[in-house]
Amino acid sequence: MLYEKELFDLLTEKQNIGIWKWDLCTDTVYYSKSWGQLLGYEDSSELDTTFKTYESHVLPEDLEKALKPVNEHLKKHTDYFEKTIYRMVKKDGTIIYTEHQGKAKFENNKPVYVVGLMRNVDEEHRNYKLQRETAQFLNNIFDLSPSLIFVKNSNGDFIKVNQAVADLFGKDKEEIENFNNSEVHKVKSELDQFDSFEREVLNKNKSLTKYEDFTTYKGENRIYRTTKSPFNFRGERMIFAVSENVTELRNSKEREENLRKKYQRLIETTSVGLLQLDKNCTINYANRGAYKILNNSELEGGKLKDLITDFDKDKICKFFENNSHHERIKFKAKSKTDNKWLQVYADKFESKTGNSFEIILIDITKEFKLNREKDYQSKLLNSISKYNSDIICIHKPNVKIKFIGASVKNVLGYEPEELIGKNPFEMTTSTQKREVLDSLLVKLINKEITHYEGEIEMFRKNGDKIILETNAKGIYEDGRLIEIVSTSRDISKRRELEKEKVEVLRKSQELINLEKSIIDMGSHQLKTPISTILTNLELLNSSFKNIDKSKYFLRIKKQLNKLLDIIANLLENSKLDSDNFRASHLKKIPLKKLEQSLKSYYHNNEDQFKRLKFDLCIDVKVRMDIDLTTTILTNFIDNSLKYSTGEVKINCKKEEKFIKLSVTDNGIGIPEKDKASLFKPFFRGSNTKNYEGTGLGLLICKKAANMQDAGIMIESNVNKGTSSFVVFKDR
Numbered sequence: 129m130l131y132e133k134e135l136f137d138l139l140t141e142k143q144n145i146g147i148w149k150w151d152l153c154t155d156t157v158y159y160s161k162s163w164g165q166l167l168g169y170e171d172s173s174e175l176d177t178t179f180k181t182y183e184s185h186v187l188p189e190d191l192e193k194a195l196k197p198v199n200e201h202l203k204k205h206t207d208y209f210e211k212t213i214y215r216m217v218k219k220d221g222t223i224i225y226t227e228h229q230g231k232a233k234f235e236n237n238k239p240v241y242v243v244g245l246m247r248n249v250d251e252e253h254r255n256y257k258l259q260r261e262t263a264q265f266l267n268n269i270f271d272l273s274p275s276l277i278f279v280k281n282s283n284g285d286f287i288k289v290n291q292a293v294a295d296l297f298g299k300d301k302e303e304i305e306n307f308n309n310s311e312v313h314k315v316k317s318e319l320d321q322f323d324s325f326e327r328e329v330l331n332k333n334k335s336l337t338k339y340e341d342f343t344t345y346k347g348e349n350r351i352y353r354t355t356k357s358p359f360n361f362r363g364e365r366m367i368f369a370v371s372e373n374v375t376e377l378r379n380s381k382e383r384e385e386n387l388r389k390k391y392q393r394l395i396e397t398t399s400v401g402l403l404q405l406d407k408n409c410t411i412n413y414a415n416r417g418a419y420k421i422l423n424n425s426e427l428e429g430g431k432l433k434d435l436i437t438d439f440d441k442d443k444i445c446k447f448f449e450n451n452s453h454h455e456r457i458k459f460k461a462k463s464k465t466d467n468k469w470l471q472v473y474a475d476k477f478e479s480k481t482g483n484s485f486e487i488i489l490i491d492i493t494k495e496f497k498l499n500r501e502k503d504y505q506s507k508l509l510n511s512i513s514k515y516n517s518d519i520i521c522i523h524k525p526n527v528k529i530k531f532i533g534a535s536v537k538n539v540l541g542y543e544p545e546e547l548i549g550k551n552p553f554e555m556t557t558s559t560q561k562r563e564v565l566d567s568l569l570v571k572l573i574n575k576e577i578t579h580y581e582g583e584i585e586m587f588r589k590n591g592d593k594i595i596l597e598t599n600a601k602g603i604y605e606d607g608r609l610i611e612i613v614s615t616s617r618d619i620s621k622r623r624e625l626e627k628e629k630v631e632v633l634r635k636s637q638e639l640i641n642l643e644k645s646i647i648d649m650g651s652h653q654l655k656t657p658i659s660t661i662l663t664n665l666e667l668l669n670s671s672f673k674n675i676d677k678s679k680y681f682l683r684i685k686k687q688l689n690k691l692l693d694i695i696a697n698l699l700e701n702s703k704l705d706s707d708n709f710r711a712s713h714l715k716k717i718p719l720k721k722l723e724q725s726l727k728s729y730y731h732n733n734e735d736q737f738k739r740l741k742f743d744l745c746i747d748v749k750v751r752m753d754i755d756l757t758t759t760i761l762t763n764f765i766d767n768s769l770k771y772s773t774g775e776v777k778i779n780c781k782k783e784e785k786f787i788k789l790s791v792t793d794n795g796i797g798i799p800e801k802d803k804a805s806l807f808k809p810f811f812r813g814s815n816t817k818n819y820e821g822t823g824l825g826l827l828i829c830k831k832a833a834n835m836q837d838a839g840i841m842i843e844s845n846v847n848k849g850t851s852s853f854v855v856f857k858d859r
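According to our numbering, the residues represented by the sequence shown are 129 to 859, in order.
The calculated EDC-like cross-link candidates involving lysine to aspartate or glutamate, where the alpha carbons are at most 16 Å apart (straight line), are: (1) LYS621 / GLU585; (2) LYS715 / ASP837; (3) LYS621 / GLU631; (4) LYS621 / GLU583; (5) LYS219 / GLU183; (6) LYS803 / GLU843; (7) LYS196 / GLU227; (8) LYS288 / GLU364; (9) LYS218 / GLU174; (10) LYS288 / ASP271; (11) LYS346 / GLU311; (12) LYS749 / ASP858; (13) LYS231 / GLU200; (14) LYS530 / GLU543; (15) LYS857 / ASP837; (16) LYS288 / GLU302; (17) LYS749 / GLU784; (18) LYS458 / ASP475; (19) LYS716 / ASP837; (20) LYS716 / ASP753; (21) LYS301 / ASP285; (22) LYS299 / ASP271; (23) LYS857 / GLU784; (24) LYS801 / GLU843.
Derived from the structure by calculation, the hints contain no laboratory data.
Using the sequences and the hints given, assemble the complete structure.
Structure representation (C-alpha cells):
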C-alpha cells in the first residue's frame, strides 16, 4: 500500500489532478497529496482517511449530484461513474468547480474498492459561464437595438430578424422568419427596389448602403438607410442587413445625436474593436474594444500601420486612395505589441470633413492557430492518402469514419464524402463477421489489444465482394482510446490467383494420374489381343498338316479389329486432352444436319441401319460442334447396338432451358454398382464379359460434351435397357 501511495503521488505531482482510493472492505480512503493540494492542504495527513472527508468538502447543494454517479456505478448500472462537474469547498472556505470520474473494482459481482480522479476546472467553468453570458448579452443587444437587423438568403427569404423587425410588421419574430420579399412588400415598386438592391449586393459581393422606401402594415410610409453585406454560411450565400429609420432623423439633428449616442454606447460595450481614421490614416477615435485588443493605451493620434503588421499594404493604400464610397474590404493582420491575429474590416463613410475610414478589429488568434494547424494536418493527410493505393482511414472511438483517403473510390467505389460518419462494419458480408469485428473494437477500447492485423470481407458499392488486408492501431490519450488509424489493401485478386493456382495444381495432378492410369490400362488392354495374335500365328506356322487355317485367320482378324478399336479410342481420347485441340467455333446447327451425319455413318451397314429409329426435331437448331456431337451419339448408338437386339431410338426433347438428345435401347442394362465408374478409363460393366469393348467410349463422350459446355446423363436398369443423353443449353 505504501508503494501504491508513492506511485500515486509521483504520477500526480505538479499535475492538476487528485486521486482518491476508497477501500470498501476496510471503509478507508486514501487521498493523494495532489488531492489535498487542490483543496488547499499542503500535507494530506491533515485529512481523515474516511469517505466523510470527501463528503464534507462537497458543497451541500451539490452532494446529491456528486454521489449519484458513484452509487449508480457501485450498483453496476454503469461501466464507470461518468464525468461530473460540481462544487467543492477548499480549506480556506472558498468554492471551486471540480471535475470527477472513476471506476470500481468488482470481485464476485461485489465492489472491492473505488478509484477516482478529481481535476480543478474552476477557471474553465467560469470562462464557459462568461462566454454564455457574453453570448446572451450580445443577443440582448441584437434584440434591443432600435435598428432593423436581419439575415436573408439569396432567394430573399428572411432567416433571422431582431425584435425591431417584428415590431415593424406587427408579428412574432418566428412568423417573419418564414417570409420572403413578396410577402413583406405589397407595393410593387418597393418590391422591385428591394430585389434589385439584394441582387446588386450578391453580384458585386460587397457591402452597399442605400435608402429604401417602405410602407408599414399600417399603411405608413417610411424611409430606411440600409446597409447590406454578403457572406457565406455553411456553403450558402447570405445577406446581413442593418436598417435605420431615417424618415424623421434626416432633418433632425437632435434625433441624429440621440441615435449617435445609442450607437456609441453599443460600440463602447462591445468586445469588437472600432477605429475611425481621417484621410491621412490618423486615428481620430478608438473604442474600448480596440484598446483591449491592441493592448495599447495611446491609440488616438497614431497611425494604423504602426499598430498592425503582416497585411497587404498595397491593397490598403489603394483602398484609401480610391474616391468611391461605401466600399468595404476585409483582411487579416497581426498586432505589433503581442502578435495577436486580427480580422480587419475597413469601410469608408462620408463625414463633415470629407472621406473618413472605419476599421473594425476582431481578435481571431485562437481560431487562426487552430485553423492553420488543422489545414496543415489536413493537407499532409490528403497528400499521403491521395498517392497511396491503400485505404487510409481515421475512425472515432465508436469506429465511425472521421477521415478516409481518396483511394477508397478505386477500391470500394465510394466517394470519401459518402463514408464520413459511417460505420464500416455495416459493409461486412455477414452478421457473424460483424460480431467478431465488434469484439475486436471492445478489446481496442479496453486496451486488451492495441493493434489488429487481419483480413476483412466487405461489399463494394456495386455489391461485389472484396477482401481487404487491414491493419488497425488504437491512439490513446491518458489511457483512453481517442482514435483508430487503419490501412486496408485489396487482396481479392491475390486470393483468386492463389485459388486458381491450387485448382491448376489439382487438375494437373489429376491429368498426370489419368495419363498414368490410361498408359497402365492401355498397356494391359493392348497386351491381350497382341498375345492372341502371336499364339495363332505360331499355330499356323506349326507342322500340323491337316489343320483348318481359316479359323485362325478369323481369330487374328478379330483381335486386330479389337486392337484397332483400342488404338482409335486412345487417339481420340488423346486428341481431346491435347492443348493443341480446340472445338471449332460453336454454331447454331439444325438437327436435320446432325441426323444426316448419323445416317451417313451407319448407311453401309444394312443390319445396323435397319435397327435405328430416328425421331429428331429436325427444325430445331442447337449451338454445338457437329463433329464432336456425332462422336458422342455414335458411341451411344454403338453401345446400344452391341448390348441389345431390338430397335435403337434416337430422339430429341426440347425443354424450357435445355435440349436433350437421347439414344434408347432395351438391352442388358447397367448394374447399379457399376454406375459410379462409367466414365473411368477402360472400365467395363460387370455384365459385359461376353461383349467386345475398350472401356474408353463414355470417357470420350464426356470430354467431347464438356468442350461444348454440354452434359452427359445415363439412365439404365438391368435387363430393361439404357437411355444415354447429351444435354445442351437452349441459347
